[in-house]
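Peer 1: Top line first, the protein sequences correspond to chains W and B. Following the working numbering, the numbering of the first sequence begins with 255 at its first residue and continues without gaps. Following the working numbering, the numbering of the second sequence begins with 255 at its first residue and continues without gaps.
Among the clues, some could well be false.
Copies of the same chain look alike in the list, so a pair counts if it works inside one copy or between any two.
[Said to hold, decoys possible] Straight-line Cα separation of at most 30 Å, DSSO-like style, residue types lysine-lysine; simulated pairs:
1. 389 with 281
2. 501 with 389
3. 637 with 532
4. 597 with 609
5. 446 with 601
6. 601 with 389
7. 618 with 389
8. 609 with 687
9. 281 with 609
10. 610 with 288
11. 618 with 501
12. 609 with 389
13. 359 with 326
14. 400 with 610
15. 400 with 637
16. 326 with 288
Hints are computed from structural coordinates only; laboratory data are not their basis. All values derive from a computational prediction rather than experimental measurement.
There are 2 protein chains.
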Amino acid sequence: MPRITIDFSGAYAEQLGVTGLILRELKAVESKAKAAHNRLFERPEMTQDGFFGLPKNGELLNSSVQLARKLKGSYENVVVIGIGGSANGFKAVADALLGSNYNLKANKNRPRYFVLDYLDPSAIRDIFEIAPPNKSVYVAISKSGKTQETAAHLALFSSRLQRELGRQGLRERLVIITELERENPFQRMAEKLELRCLEVPPLVGGRYSVLSPVGIFPLALLGVNVRSLLRGAELFNRRVRTSDPQKNPALHYAMIHYLYYDKGHNITVFFLYDRSLKGLGDWLVQLWAESLGKRFDREGSRVELGLTPVSAVGPRDQHSLLQLLIEGPFDKVITMIWPGSFKPDLKLTVPSWLKKGFGYLSGKSFGQILAAEALGTYEALVKSGKATIKIIPERTDAENIGFLLQFFMCATAYLAELWGINAFDQPGVQLSKDISRRLLGGQ
Amino acid sequence: MPRITIDFSGAYAEQLGVTGLILRELKAVESKAKAAHNRLFERPEMTQDGFFGLPKNGELLNSSVQLARKLKGSYENVVVIGIGGSANGFKAVADALLGSNYNLKANKNRPRYFVLDYLDPSAIRDIFEIAPPNKSVYVAISKSGKTQETAAHLALFSSRLQRELGRQGLRERLVIITELERENPFQRMAEKLELRCLEVPPLVGGRYSVLSPVGIFPLALLGVNVRSLLRGAELFNRRVRTSDPQKNPALHYAMIHYLYYDKGHNITVFFLYDRSLKGLGDWLVQLWAESLGKRFDREGSRVELGLTPVSAVGPRDQHSLLQLLIEGPFDKVITMIWPGSFKPDLKLTVPSWLKKGFGYLSGKSFGQILAAEALGTYEALVKSGKATIKIIPERTDAENIGFLLQFFMCATAYLAELWGINAFDQPGVQLSKDISRRLLGGQ
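Just chain W, with the same shape it has in the complex (with noise of 0.2 Å):
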């Protein structure tokens, strides 16, 4: 069972004083709550063949997970071209149970992995030398197949897979994961050389398919414990059958969003610690912006209306935004999320050289010493009137991970829902790839 403590009371006023939230604003917007609670469990995206019901697909974890098997031994280096919904929430995952300097530890038994979401020439040249074709796993991934930029990468990559490794090479190599669909370049390009080929349901969408084989295959390539991250979300979906903000933590947080946003606050902040969670703050950024950020709601209407997240890392951003989090402007909800232990920890020994000022630190772990300061910034936030919730896993394992991507999926699902917008499309980036396809020569 994760042992995730989630606390909203940073949020409201017998904490806070008068900046924050009262009972009474949470009471008015109920049934407003409730009828999105029922609206959002009548989509699509709800049911077993959406993201909320892929913690219980067992085909779909199967094929990834024997597919890995099947690779498992041949490869030092996995390699996934892929961007943005494609690829963050693989690596946050990786990162956060894996660590943030693994790739310098890797060895035999531990592949690294990289991801090619950047153009930088000299950083593709730089993975063609450290991961090369015999020794690497390539993974492709884009759901419409259309991806200007994985496509470049899987030009250049399969183009030298082939010419070093040859046909069977190639196939033995790069997976595509894509969406099984006749349009669709990748699937094409996957049939005609008979590649291996992984399927993105179609009502999946890139920054909720996480736990669709575009998260689970590379993770279970890594020997990540996918069953546990499955298992993770799959306890957490229990948790929103009711629209009780009290029992229903996801839709709880999107209620506090709502309210606030109301009040003129436009901003969210997620405030994770330690590094090894900044992918996740890269994967929260993207579910937040893409899904939140809309021109119009489903009615037409014109609203633009959005929530602008912040994703910082603790300690370091106490010496850079916390500044600002206290002193600054009343526009902000901060989300707070710290490891509630490490195993194994690391204990201090304060040498005479540094006793007179930092006596105290000895016999403390590191662990301690990063709690101290959560607890002491999350302190200090409440008491200068600022908006915090603070999420606490006991510990950062694939089950509790598990968890909290699906509350944050849901929590944005209900947001949207009670703006009455789509929390799952992005009209908006289509102008931007057009002009750079244009400016290509393409069409």
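For this one, chain W is given, so just place chain B on it according to the hints.
Peer 2: Frame of chain W; chain B shown alone:
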């Protein structure tokens, strides 16, 4: 001579339509800007002893360069023990100039670099393993010598160095950078153990210290051309001699943000291409947030203002934040930065199996694709009425980076003067430090 295009036209009505500024608005604050300019140049921070004077402070430069030369050849790893302003500037420059996969390809002649700005016990243990005492130089940086995280790391690593290499080895491999001040614990430690010590000038605060030994010394250890970096900054300094915004881009930049803040735009987005500029984004976030987020103005009136910085990386975040930037509320000013060229670039051949759909990419280089995507994004933002400033360094080299660093430090200082707040203090972070220290049993 740095060749950098700074283009403000995407913030004005001529390009943007009704959501843009009109020149009359700029004119209306010109006298205010002139006064701010004059006030700023009376501040000690703008003298030869402040951040503004660093590019011409040959003595400080030499102290760093000479010590780096002395240590040359004795290390394969540079470990910076520092956090926030003691590390962000170094990382911004190192990442930008060395590339984001640098550590994975480093070798005897190209030392790796690490920044210890986290508390996760397993990640710290990894550094122990990856950067052992006999192959590493450790640089502990804290202006006040009172930074808790840095002290904890310093306790750990100095004990280990002494244990494994003895006092002499400790002296050879640990360098302290701090303010030379009697009550400073790091300075006291350096004296006691007779460690090498470089100075943080009293008038240079953490987030403005990248061109002091704080940034210059560890960069010199990596072989970065620090003289070019300083030359670029000095070349920028010549651009701020006038208070005419058409000739002084830092002042113009500040005025645009000042005017938009008055219209309710409370968010600043730094959208940087490509991944190697991510560190620059983190540096910008600290500079902007800590300098501009203030509860009181210089007269002591309660103002509670501040612009919240968001750092995004292209093209990745075209698949993340962009939807919100295009369709969401008019609450931001966006700055896009992308390099005009890459040398060497990397050309693409599109294989037969991707011709249909992506044939237009054949013969294009990754640098061209990046530029087209950045420009496409810029144009889409402007077409959507979103205020966007574009900055294009001809390429990413030390001189251009130095120019940009100084540009942003000056622009930040100008905006603070326009608001009448102090850009150089951070009174709001003390409370959180006090609480966490108390939680750990300190006084």
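Peer 1: Looking back at the hints listed earlier, which ones does the structure fail to meet?
Peer 2: Violated hints: 1, 2, 9, 10, 11 and 16; rest satisfied.
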